[in-house]
Amino acid sequence: MPDLTSNGMCHEFDGLLADALDGVLSSLQLDRFQAHARTCSGCGPLFAEVEAGRNWLKGLTEVEPPASLVNNILASTTGVDSQRLRVNVSAPQPRGSKVGPSWLEQAQAWASGAMQPVWGTVRQPRFAMSFGMAFFALSVALSVLGVKPADLREVSLRPAAIRHTFYNTQARVVRYYENIRFVYEVESRVRELKRTIEPAAPRSGESAPDKKDRKNDTTQQPEQKQERNYSQTGNNLILASAPLGPSVFDPLNQDPLNQDPPVVSVTTYRRFV
Amino acid sequence: MEDVQVVAMLVRRCVAGDAAAWEEIVLTYNRRIYNICYRFAGSADNAEDLTQEVFIKMYRTLGSYDSSKGAFVTWVTTITRNLLVDHFRKTKQDRITDSLDATSSAHEDAQPLSEQIQDQSAPPDARVRSREVGETVHAALAKLSPELREAVILRDLQDFDYKEIATVLKVPEGTVKSRINRGRAELARLLQRTYRQVM
Numbered sequence: 001m002p003d004l005t006s007n008g009m010c011h012e013f014d015g016l017l018a019d020a021l022d023g024v025l026s027s028l029q030l031d032r033f034q035a036h037a038r039t040c041s042g043c044g045p046l047f048a049e050v051e052a053g054r055n056w057l058k059g060l061t062e063v064e065p066p067a068s069l070v071n072n073i074l075a076s077t078t079g080v081d082s083q084r085l086r087v088n089v090s091a092p093q094p095r096g097s098k099v100g101p102s103w104l105e106q107a108q109a110w111a112s113g114a115m116q117p118v119w120g121t122v123r124q125p126r127f128a129m130s131f132g133m134a135f136f137a138l139s140v141a142l143s144v145l146g147v148k149p150a151d152l153r154e155v156s157l158r159p160a161a162i163r164h165t166f167y168n169t170q171a172r173v174v175r176y177y178e179n180i181r182f183v184y185e186v187e188s189r190v191r192e193l194k195r196t197i198e199p200a201a202p203r204s205g206e207s208a209p210d211k212k213d214r215k216n217d218t219t220q221q222p223e224q225k226q227e228r229n230y231s232q233t234g235n236n237l238i239l240a241s242a243p244l245g246p247s248v249f250d251p252l253n254q255d256p257l258n259q260d261p262p263v264v265s266v267t268t269y270r271r272f273v
Numbered sequence: 274m275e276d277v278q279v280v281a282m283l284v285r286r287c288v289a290g291d292a293a294a295w296e297e298i299v300l301t302y303n304r305r306i307y308n309i310c311y312r313f314a315g316s317a318d319n320a321e322d323l324t325q326e327v328f329i330k331m332y333r334t335l336g337s338y339d340s341s342k343g344a345f346v347t348w349v350t351t352i353t354r355n356l357l358v359d360h361f362r363k364t365k366q367d368r369i370t371d372s373l374d375a376t377s378s379a380h381e382d383a384q385p386l387s388e389q390i391q392d393q394s395a396p397p398d399a400r401v402r403s404r405e406v407g408e409t410v411h412a413a414l415a416k417l418s419p420e421l422r423e424a425v426i427l428r429d430l431q432d433f434d435y436k437e438i439a440t441v442l443k444v445p446e447g448t449v450k451s452r453i454n455r456g457r458a459e460l461a462r463l464l465q466r467t468y469r470q471v472m
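Respectively, the protein sequence lines represent chains A and B.
If you count the first sequence from 1, position 131 lands on 131 in the working numbering, and the numbers rise without skipping.
Quick note: to get the working numbering, add 273 to the position in the second sequence (first position is 1).
Treat the hints with care, as some may be off.
[Claimed, not checked] Pairs of lysine-lysine residues, derived as DSSO-like cross-links and limited to a Cα-Cα distance of at most 27 Å, are as follows: (1) 342(B) / 436(B); (2) 58(A) / 436(B); (3) 58(A) / 443(B); (4) 330(B) / 443(B); (5) 363(B) / 443(B).
Hints were generated in silico from the structure; no laboratory data involved.
All chains, full assembly: derive it from the sequences and hints.
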């Protein structure tokens, strides 16, 4: 029993404080405790504050949880609606019936029990969002590939039909391969024929070094562009005309006033394609 | 507080896949867990979300419960407390234990809680006044540091004994008592300051 009358034992006061408030101290202990609380300037107010704090907290009443809380918890854990669960649990069995659940029901019950944790996890919003995105991506991919659900409905799944489809598809692939091979053979023959008929082609390597040099040019200077008069290329028609008569330049005519300079008019007819 | 055998049987049924047993557990403990979460987190929305998280965690780890190591309610409360502490760390809530007015008066124009109470029309009904007092105490509780808050919640609001609280908080009983005393005293100081200004 600590000596609570001495100031050095104030730190023991804290340990007995809770017990004193709980009323588990013996009468002797309580007397000494209260005597110290009266005399000690630090422990007395502390006791009053602790007691007041406890009274404040005892005045707090329990709050009512939201009505949907239980359903939300069950939905997020088992994925089962509690209302349906209650109906199943409280469903009365017919009197005298000894027929137990069928093997199918037992299998379903076992599967639902095994899948409950998985299903509960899957039903969380983040997973639901992931599945939504996956479904969206799949539907977009199918629509891009041209697969329609309506087509799938007409697909016959009989073994004979599946075999028939398989052989059809195989024959189509073989036919396509043979056609492609024939086309390539014809192309190669034509190329060989051209090579034998045409004279030796000019050396195609002449311009290659230029291109190579240009590629290796790291001076970052822009290439010299070839100046072209695009109006004179292509299918443009250019007509030039010089008027005859007085306006023609006469070298014998010395009168500068009557001497007109030669005029050449150029008319361009562009063909807009 | 709870019949150990009945609860152990309930847990075994639940682990075996009995959905009705799980529903019974939810119905039995949702109120207690919600109240702990509400008093610790401070808001009803957070409390609802946290309660759901507690039950999800409990559902996943129910197989690890050992009835020989302690009562089920202690195990449940430990899960709740751990999750609340995690939530507190994630949200980085203020750990300031200053008075309500001191916190509010950080801004010059902020109106202290005492003035907020004073400005409201005097409650004619005692029930309204009691509710307001409850809200003030709840707000003051939210200002305590989490260590003190969880100790006083478990002791004064959930009526746990010191041994159970020591198990949940994983600290010695002496530390539990010390935290409870400090929490109560701090709460009293906060409320005393608030109501002194009201009067």
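Each hint, compared with the structure:
1. 342(B) / 436(B): holds (13 Å)
2. 58(A) / 436(B): holds (20 Å)
3. 58(A) / 443(B): The hint holds at about 25 Å.
4. 330(B) / 443(B): holds (19 Å)
5. 363(B) / 443(B): Holds, because 21 Å separates the two Cα atoms, which is no more than 27 Å.
The structure shown violates none of the earlier numbered hints.
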